[in-house]
Amino acid sequence: GAVVSQHPSWVICKSGTSVKIECRSLDFQATTMFWYRQFPKQSLMLMATSNEGSKATYEQGVEKDKFLINHASLTLSTLTVTSAHPEDSSFYICSARDLTSGETQYFGPGTRLLVL
Amino acid sequence: QKEVEQNSGPLSVPEGAIASLNCTYSDRGSQSFFWYRQYSGKSPELIMFIYSNGDKEDGRFTAQLNKASQYVSLLIRDSQPSDSATYLCAVNIYNQGGKLIFGQGTELSVKP
Numbered sequence: 001g002a003v004v005s006q007h008p009s010w011v012i013c014k015s016g017t018s019v020k021i022e023c024r025s026l027d028f029q030a031t032t033m034f035w036y037r038q039f040p041k042q043s044l045m046l047m048a049t050s051n052e053g054s055k056a057t058y059e060q061g062v063e064k065d066k067f068l069i070n071h072a073s074l075t076l077s078t079l080t081v082t083s084a085h086p087e088d089s090s091f092y093i094c095s096a097r098d099l100t101s102g103e104t105q106y107f108g109p110g111t112r113l114l115v116l
Numbered sequence: 001q002k003e004v005e006q007n008s009g010p011l012s013v014p015e016g017a018i019a020s021l022n023c024t025y026s027d028r029g030s031q032s033f034f035w036y037r038q039y040s041g042k043s044p045e046l047i048m049f050i051y052s053n054g055d056k057e058d059g060r061f062t063a064q065l066n067k068a069s070q071y072v073s074l075l076i077r078d079s080q081p082s083d084s085a086t087y088l089c090a091v092n093i094y095n096q097g098g099k100l101i102f103g104q105g106t107e108l109s110v111k112p
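Chains E and W, in that order, give the protein sequences. Start counting the first sequence at 1; every next residue gets the next number (this note's numbering). Start counting the second sequence at 1; every next residue gets the next number (this note's numbering).
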């Protein structure tokens, strides 16, 4: 089946620093990837849609200047959390859409971010 | 009305029983329907998807879709304690750029 990886799986950083998270589709090309955030005991929240070669589309209430998304190739999207603060601590999960299997989204394993 | 609704549970079933998870959706433009399983602390993993009315079976899992009633369900036969997780129903709506609309998830607990 389709495999999506994320790196790093865990990151701890100081307040004010920037953190980059990578999302890769390993065995298929993904023109579209999605970034989600999930707080403990809560539902997935879609942050943005990342389209290869174009600007990301952000959901309402998500600051595009704080969460920078780059989808430079058909297998890689990155999310950079700029000037991270403790309230940005969360579980960040990406997914990639595989058009060869009916637009199914496959999720990466997620990245836990802890901002001290 | 939420676009995709699920009972949050928890739904508790004994080992070996059939677990029935239900999901309703509001947009008749919905085209494809997905069930994901999410273990605590992990990311969602795809169980199966369904596009056409009727049943679709994969091992112990059966997805059922009724577009007239705007209803999709997941049956888990011979439930095992390892099936204990949160089950997410997701809907792909036409012309939404491939976004999935998720329900809030149903927590399933299978008791040995």
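Hints listed in this document are in silico derivations from the structure and should not be mistaken for laboratory results. Note that this is a predicted model, so its numbers are computed, not measured. Any given hint could turn out to be false.
[Said to hold, decoys possible] Subject to a maximum C-alpha distance of 35 Å in a straight line, what follows is the list of computed DSBU-like cross-link-like pairs (lysine-lysine):
| # | chain 1 | residue 1 | chain 2 | residue 2 |
| --- | --- | --- | --- | --- |
| 1 | E | Lys20 | W | Lys42 |
| 2 | E | Lys41 | W | Lys111 |
| 3 | E | Lys66 | W | Lys56 |
| 4 | E | Lys64 | W | Lys56 |
| 5 | W | Lys42 | E | Lys14 |
| 6 | E | Lys41 | E | Lys64 |
| 7 | E | Lys55 | W | Lys42 |
| 8 | E | Lys20 | E | Lys66 |
| 9 | W | Lys56 | W | Lys99 |
| 10 | W | Lys99 | E | Lys20 |
| 11 | W | Lys67 | W | Lys42 |
| 12 | W | Lys56 | W | Lys67 |
| 13 | E | Lys41 | W | Lys99 |
| 14 | E | Lys55 | W | Lys99 |
| 15 | E | Lys64 | W | Lys42 |
| 16 | W | Lys99 | E | Lys14 |
We went through each hint and held it up to the structure:
In summary, the hint linking Lys20 (chain E) to Lys42 (chain W) is supported, as the alpha carbons are separated by about 20 Å, within the 35 Å threshold. A C-alpha spacing of about 21 Å is found between Lys41 (chain E) and Lys111 (chain W), which places the hinted pair at or below 35 Å, so the restraint holds. The hinted pair formed by Lys66 (chain E) and Lys56 (chain W) fails the criterion: a straight-line CA distance of about 42 Å is larger than 35 Å. Among the hinted pairs, Lys64 (chain E) with Lys56 (chain W) is inconsistent with the structure: their alpha-carbon atoms are about 40 Å apart, more than 35 Å.
Taking the CA atoms of Lys42 (chain W) and Lys14 (chain E), the gap is near 24 Å; set against the 35 Å cutoff, the hint holds. Note on Lys41 (chain E) and Lys64 (chain E): the hinted pairing holds, with a Cα-Cα distance of about 25 Å set against a maximum of 35 Å. Under the criterion of a C-alpha separation no larger than 35 Å, the hint pairing Lys55 (chain E) with Lys42 (chain W) is consistent with the structure, at around 29 Å. Proximity of Lys20 (chain E) to Lys66 (chain E) is assessed by CA-CA distance (about 12 Å); at most 35 Å being required, the pair is judged to hold.
About 23 Å separates the Cα atoms of Lys56 (chain W) and Lys99 (chain W), which keeps this hinted pair within 35 Å; it holds. Between Lys99 (chain W) and Lys20 (chain E), the direct Cα distance comes to roughly 23 Å. Compliance with the 35 Å bound is thereby established for this hinted pair. With a CA separation close to 31 Å, the supplied pair Lys67 (chain W) and Lys42 (chain W) stays within the 35 Å bound. Using a Cα cut-off of 35 Å, the hinted pair Lys56 (chain W) and Lys67 (chain W) holds, with the two alpha carbons roughly 14 Å apart.
For the proposed pair Lys41 (chain E) and Lys99 (chain W), the alpha carbon gap of about 22 Å is at most 35 Å, so the pair holds. As the CA atoms of Lys55 (chain E) and Lys99 (chain W) are separated by approximately 16 Å, the hinted pair is consistent with the 35 Å bound. As the CA atoms of Lys64 (chain E) and Lys42 (chain W) are separated by approximately 26 Å, the hinted pair is consistent with the 35 Å bound. Between Lys99 (chain W) and Lys14 (chain E), the direct Cα distance comes to roughly 33 Å. Compliance with the 35 Å bound is thereby established for this hinted pair.
Comparing the model with each numbered hint stated earlier shows that hints 3, 4 do not hold.
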